[in-house]
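Engineer: The listed protein sequences derive, respectively, from chains S and G. If you're matching positions, the first sequence starts at 1396 in this note's numbering and goes up one per residue. If you're matching positions, the second sequence starts at 1396 in this note's numbering and goes up one per residue.
Be a bit skeptical, because a hint or two may be false.
Chain copies aren't distinguished; within one or between two, either way the pair holds.
Unchecked claim - With a Cα cut of at most 30 angstroms, we get these calculated DSBU-like pairs of lysine-lysine:
1) 1541 with 1434
2) 1434 with 1667
3) 1649 with 1667
4) 1594 with 1633
5) 1633 with 1504
6) 1649 with 1504
Derived from the structure by calculation, the hints contain no laboratory data. Predicted model only: the values in this text are computed from it and were never measured.
Number of protein chains: 2
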Amino acid sequence: MAKRERVAFLGLGIMGKPMAANVCRHGYELTVWNRTRAKAEAFSELHRGVEVADTPAAAAAEADLVVTMVPDGPEVEAVLLGPDGAAEGLHAGGLAIDMSTIAPTQTRKIATALSQRDIHFIDAPVTGSRPKAEDATLTIMVGGEKRDFDRAKPLLDAMGALVVHAGPVGHGEMVKLVNNTAAAINAAALAEMLNLAVKADLNTTAVVDVMASGSGASTMLTLKAGPMLDRAYAPLFKLEHMLKDVRHCINEAKALGVDLPIARLAESLYAKADEAGYGEDDFAAVIEAVSPGS
Amino acid sequence: MAKRERVAFLGLGIMGKPMAANVCRHGYELTVWNRTRAKAEAFSELHRGVEVADTPAAAAAEADLVVTMVPDGPEVEAVLLGPDGAAEGLHAGGLAIDMSTIAPTQTRKIATALSQRDIHFIDAPVTGSRPKAEDATLTIMVGGEKRDFDRAKPLLDAMGALVVHAGPVGHGEMVKLVNNTAAAINAAALAEMLNLAVKADLNTTAVVDVMASGSGASTMLTLKAGPMLDRAYAPLFKLEHMLKDVRHCINEAKALGVDLPIARLAESLYAKADEAGYGEDDFAAVIEAVSPGS
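Next comes chain S alone, as it looks inside the complex:
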């Protein structure tokens, strides 16, 4: 059996922390870095043998595989390519695995910059929220060379239940955008139909039961019909983040010469809800753009 590769995990936020914990549980030698160092120290106290690094470069110097899990594109770029970034520490032939959700165009730009230093790169964003990160049941979609996907697979299997190779660099992010935009449209359509059901004075329990039993069923129906009918928006996934994903998707499609009229209409509804002050709420609040609650 090949010697197991050493891992640097950069970013111990809401998602990164439980993901890194699963990597640790699978017996990987692990060095962690976090912008707020106290979080990395706390993590290392909980997980025996985990080292804490002062900079991304220092963490990467101890590793063969570098995982980044940070908020958005600029942070990924800074942590990998900025001063004291991982690219300064990682040896030639090392593999950077970005699990953040960022625009595919930015992903490709970062991959190109890293390849000039002989550092391999894959994008591997995830779907599923914190409980799935904790249970290692995330869905992970990967863009990159097949060889790099195969190399990262055992590590990704430690964090996810479904790990798929979507195509070349950027395609992991692209699959995530396609999925999230489909979800955003299904949720907006659900809001439109539930509003009609209420206005038509239908028994909404009957409506939801009927839809759940057949052709109208969807994950969005299961998760969002209740919050929409109750107008209760405790955030599982913030509306402003869903809006960002739909916009990224529309822009990527435009660059390919593909128009997305349904996604554009959904975008206008999420934007309206965002402007009405629901950006920090769960995206179930899109029903406020369809019909403001009383």
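Position chain G relative to chain S; hints supplied.
Structural biologist: Below, chain G without anything else, positioned relative to chain S:
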């Protein structure tokens, strides 16, 4: 235990035949009528004790409960209220149960005409195709008085797995329209996203697997992603029928002062596919309106 009510079943088409067979299997005394009498004769040869009537009126004269399962509104009106219609035979206090899919406005009109003859009425359209009709696992959504719903419930339970009371007359049809329109939008959104996936050269198997595992999942994804990607449209539910339902839904909403912008956009796509000659195909062919196949 109350004496079981006698049933007249009018319309033995693709759906009506297996539904009537299940009524028969549950031990109901049954008289059948069909426009083409030979089909009714064949049915009665298969099911011992079933009587065949010459007219809807003659069938209804033997019954307490009259079920109609015919193509559209004009046929329901003719079979119930036309010359030799069921209303001429059914006794005062009898209950007519329309299981066809027709416009809610026409449903209410029929109910009013029947009530003038002291005949009760409920609308009870179904979702689920022929296999579910055969297995008695249809979803049945009922509009009408609670008392009439309770009276029909044992008979409907012989044909369906989920039987819900949606509200007053017309609400059964309305719930069906809401469900089908949600399905139509989800399918149109799926077509838009799969077209993008193809144009972006994504691994479409990975895309479908990722969507099926989480927020992008829907019954439409399960049933229609394959036909859309294969451009294979063997009809399970014809595109022209889906278009009709979406149009009914938009019109009913308009009468209530409710705008359905997403449904209107979906309508335009189904209409475009219909005009391109896909009306008789499965509604998965909506992808032809998003992007014509080569």
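Engineer: A separate judgement is required for each hint: does it hold in the structure or not?
Structural biologist: How the hints compare with the structure:
1. 1541 with 1434: neither (34 angstroms within a copy, 60 angstroms between copies)
2. 1434 with 1667: Result: close neither inside a copy nor across copies, 37 angstroms intra and 56 angstroms inter.
3. 1649 with 1667: For residue 1649 and residue 1667, the Cα distance is within 30 angstroms both inside one copy (22 angstroms) and across copies (22 angstroms).
4. 1594 with 1633: For residue 1594 and residue 1633, both the intra-copy (27 angstroms) and inter-copy (29 angstroms) Cα distances are at most 30 angstroms.
5. 1633 with 1504: Result: close within a single copy only, 27 angstroms intra versus 46 angstroms inter.
6. 1649 with 1504: within (18 angstroms within a copy, 49 angstroms between copies)
Of the numbered hints stated above, those contradicted by the structure are hints 1, 2, listed in ascending order.
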